[in-house]
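If you want the building blocks of each chain, they are given just below.
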Amino acid sequence: MAATRDVASLKQLVLGRKDVQDLSDTETELPPDLMTVNMGPSHPAMHGTVRIVLTVDGERIVKSDVQPGYLHRCFEKESEYATYTQVFPYTDRLNYVSPMINNVGWAMAVEKLMGLTARIPRRTEYIRVIVSEMSRMTDHLTCVGASAMELGAFTPFLYFLKSREWLYELLEKVSGARLTHSYVRVGGLAKDLPEDFDKDLTYTLDKIEGVMVEVEGMLNANKIFRDRMAGIGAMSKADAIATGCVGPIARAAGVDYDVRKDYPYSIYPELEFDVPLGTTGDCLDRYLVRIEELKQCIRILRQCLKQIPDGPIMVDDPRVTLPPKRDTYNTIESMIRHFKHIVDGIRVPPGEAYTFVEGGNGELGFFIVADGTGRPYKAYVRSPSFVHLSTAGQLIHNHLIADVVPIFGMINMIGGECDK
Amino acid sequence: MSKQALAALQAKFPAAVEKTESEFGDEIAWIKKDQLVAVATWLRDDPAMAFDSPVFVTAIDRLDWHPVGAPPSTHWTEDRPRFEVCYQLRSSTRRHRLRLKVAVTEQDSHCPSLATLWPAFDWQERETFDMYGIRFDGHPDLRRIYLYEEFVGHPLRKDYPKEKRQPLVRRDDLPINPIKKDAR
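Line by line, the protein sequences give chains A and B. Be aware that the first sequence starts at 26, since it is given in the numbering used here, and climbs by one per residue. Be aware that the second sequence starts at 1326, since it is given in the numbering used here, and climbs by one per residue.
Derived from the structure by calculation, the hints contain no laboratory data. In this text, all values refer to a predicted model and were calculated from it rather than measured experimentally. C-beta atoms are modelled at their ideal positions from N, C-alpha and C, and glycine is treated no differently. Hints are supplied without guarantee of correctness; some may be wrong.
[Claimed, not checked] Using 25 Å as the maximum straight-line C-alpha spacing, the simulated DSS-like pairs for lysine-lysine come out as follows: (1) A:Lys102 with B:Lys1489; (2) A:Lys102 with B:Lys1487; (3) A:Lys286 with B:Lys1328; (4) A:Lys198 with A:Lys286; (5) A:Lys216 with A:Lys198; (6) B:Lys1483 with A:Lys102.
[Stated by the list, open to error] These stretches of chain B come out as covered by chain A in the derived footprint (C-beta under 8 Å, 3 or more residues): (7) 1343-1355; (8) 1378-1387; (9) 1409-1421.
Sequences and hints are given; from them, build the entire structure.
Dropping the structure here:
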């Protein structure tokens, strides 16, 4: 049938025009008015629920309004009514791709208020760094893999998600949960590492190194990937500082800031690792910085496995530790202590402190105001995703709609963390 | 190092700094509301200060502030300002940190905005406005960020009940989409 159709009816089918005058090619241009397009809150090419109201001139973005908040679960309000220990599950759900780092950050914040920071056992510090770095790896693997998939490279996504799954399996062995670990406690950890953990982790790291060689081979010199990433969403060093960017995004722009190096905490001063820096601050640099950080994570983990000492996993302080189960069930004093600990929570002396760690996306901080009870008076989280997302409007300005996808992927906005 | 910055701030603006504190390694300077912008501009631009990195903005609602074991004089009473707006700053070159605090009363819950000095504070001040109802004067685009415009009240205030539910009811008289409003 199509073969017998005349040109005019075909044009009508395609362009909605039937007048013969309309058939001239000059008439096929797009209308000159600006158009408003909604991207999100649920968009297949963007991970995370965020709505972007774009005003486009053809394909070019001239104005945008980024609206977060679709995943707001009242982290801060809920925390004010939970004991310090009960907040750990909430922090799991902030950055749900790297929950261990949130756990560690919260624990360190409470420990700072209690003056316990220097008394944390060495083995605990090592285990905290190990799980943090594993979480950083899952974060970067997800970010890079998902972004590559959104640009059409499906294989790296599958490879990286598989690698991430190996790490999740290990973290599940450690904590008992695949994603929401709640593994860290104020003053220590919930439990020690499982048997043969070092062998499992060494084996996994070797496998992941192999996968990274493959994925880098597929992406680094890939013309489509480079064309979509290089020069897209660039940010200058001064802008990155003024807009509060931290982590891989700031480092891609050349800002030499890494909490692990600049305000060292835990055992990071004793570990050897490099902080990769970019020069152009575009999406390609953000990708390269993340890939290099993955390698540095592997380096840190190998050192930790070599150096990790034996020892206790909880600080010996009756204010934060539960009595041994044997005593709880046999003596009334321990029973009462256990009960008070669970129901009233850990008593944190009045004061306020801001504690920050290097999260997957950068400086993740907890600002706690304590009033001496077992529940925080105020718990504020300085989430890097929220700050990074606030630059998104500026980054996508004057780019094409298709460029929103790589820019957004490399900002790595995690809905739970951004919306609290 | 941060202590030196605090001392320099006190020497430069003796009238603007109400008091200084140091808690858990954080230097805190209480700034008079009307001087905040001048102090902040100096902190950002002076080469010896160079507080170029904004960290966070938030507020503390002192309505329920009755710390355990502390003398009654530290408890909150009706005659004291209810809110404290906190600005945390960091220097990327000098590595020192400083928290500026501004006392804001409930009756006059306004605070000068620093969003024009540090673009990062744009969204964070919107968040503080959303959660605590502090109005930042001079903010380029002060509207709710997490919650919807129809929301009544500010949820992180201590007198907002945690269990309160507010289903979203569409109201056509409010501008849902600011871009559309501009186009009109």
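Inset, instruction - Of all the hints given earlier, name the ones this structure violates by number, lowest first. - result: 4
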